[in-house]
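Student: Chain residues, written in single-letter form:
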Amino acid sequence: MSNTLTAAQEGIQAGTWALDPVHSHVGFSVDYMAGSFQATFAPFDATLEVDSSGAVGLAGTARADGIKVQDENLAAHLLSPEFFDAEQTPELTFASRSFQIEGKDVAVEGDLTIKGISQPVRLSGTIGGPVVDPYGRERINVTLQGTVDRGGFGLDWNVPLPSGEPALANEVALSAELALIKG
Amino acid sequence: MRILAISGSLREESFNSRLLDSAAALAPAGVEIERWHGLRAVPPFDEDLEVHEAPAPVAELRRLIADADAVLFSTPEYNGSVPGQLKNALDWASRPHRTNPLRNKPVAVVGASTGGFGALSAQADLRRILARIGARVIERGVAVGHAPSQCDEDGGLANESLRDELVAVLDALSGAVRARELIAA
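Heads up: the sequence lines are chains A and B, in that order.
According to numbering that gives the first Met the number 0, the first sequence is numbered sequentially starting from 0.
According to numbering that gives the first Met the number 0, the second sequence is numbered sequentially starting from 0.
These are calculated hints, taken from the structure and not from any lab test.
Keep in mind it's a predicted model, so treat the numbers as computed, not measured.
Check each hint, because a few of them may be wrong.
Unchecked claim - A short list of chain A residues far from chain B (calculated; beta carbon distances all over 10 Å): (1) S28; (2) Q69; (3) E71; (4) A74; (5) A75; (6) P80; (7) T125; (8) R136; (9) P159.
As the list claims (entries may be wrong) - Partner residues aside, some chain A positions facing chain B, computed with beta carbon under 7 Å: (10) S79; (11) E81; (12) E86; (13) T88.
All residues carry an ideal CB built from backbone N, CA and C; glycine is no exception.
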């Protein structure tokens, strides 16, 4: 992308930007029967590194047993070997390979690791700021969305509807809202 | 390594119970397989009973599962699925769901039948049930069809290739136990 601006040109300073967990979330949505099912992971962590050339790297981690759903038995099912297998693979990670900024738009490519399996993912979103908060800290905000095929991570549980269609879709929409504070 | 063996059959001369005895005889060094004999005593599952202390046979089953490193099931097949008494015992064992002793427990399923399919449908159903309970289900199984012709006069598994398959199941099961131990270490 020849007209892609560096972080520095967007006014984002080099250094480490740490997650403000209170104002951030990461989660997913997947079509289930007639609607969709959402969940988030908390706590989680993310760090944005901007080097002196303006190149940006984003890394994040969450724990499978941090999944937040409405029912404890559903949570137990999601943590079982049939889904995330939290005992054997407790950690979910993301590491960017490229992070492009163009105006307020961002395009990120990286590797998402779930259940011990790494798959390339493409995410897109926006970047807001920088602004200075009431405590004098510089802040940016990154939103990201993307989709993955859960089967690629070995998450292939399903149950057929009476129609014969599967109840749970394979395509999962990922979303993240990252409030980041300059260290 | 201790493997608890659960037969889904109550019949004294059950081929499935004999299959578990054959597994015990074939167990590799360091693996001890102990068969549970309490299935008949497990009462029908009833949520109303859950407000009280678990019935003694249920408490025993939960304790034996918790104390075992893995569980090996052998199921007969009735009307294409697992016998009711086995599902009933699993319904007891699986509660409360979040902390049930089968969670993350390596489990394997084998089966025998007098028909040709070796309880394949029941085995598949049992694996699905165990996965839903949260167990770590080994996909490999053994289907002993035409069971009377595969066994010796004492009921032991005589067919060499089926014996090899049974050993492979035990190897997979003990491998899953060791993988868990590595994570815990």
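Student: Next, verify each hint and record whether it holds.
Tutor: Hint check:
no.: 1; hint: S28; in the structure: 23 Å, holds
no.: 2; hint: Q69; in the structure: 14 Å, holds
no.: 3; hint: E71; in the structure: 6 Å, violated
no.: 4; hint: A74; in the structure: 8 Å, violated
no.: 5; hint: A75; in the structure: 4 Å, violated
no.: 6; hint: P80; in the structure: 5 Å, violated
no.: 7; hint: T125; in the structure: 38 Å, holds
no.: 8; hint: R136; in the structure: 39 Å, holds
no.: 9; hint: P159; in the structure: 12 Å, holds
no.: 10; hint: S79; in the structure: 4 Å, holds
no.: 11; hint: E81; in the structure: 5 Å, holds
no.: 12; hint: E86; in the structure: 5 Å, holds
no.: 13; hint: T88; in the structure: 9 Å, violated
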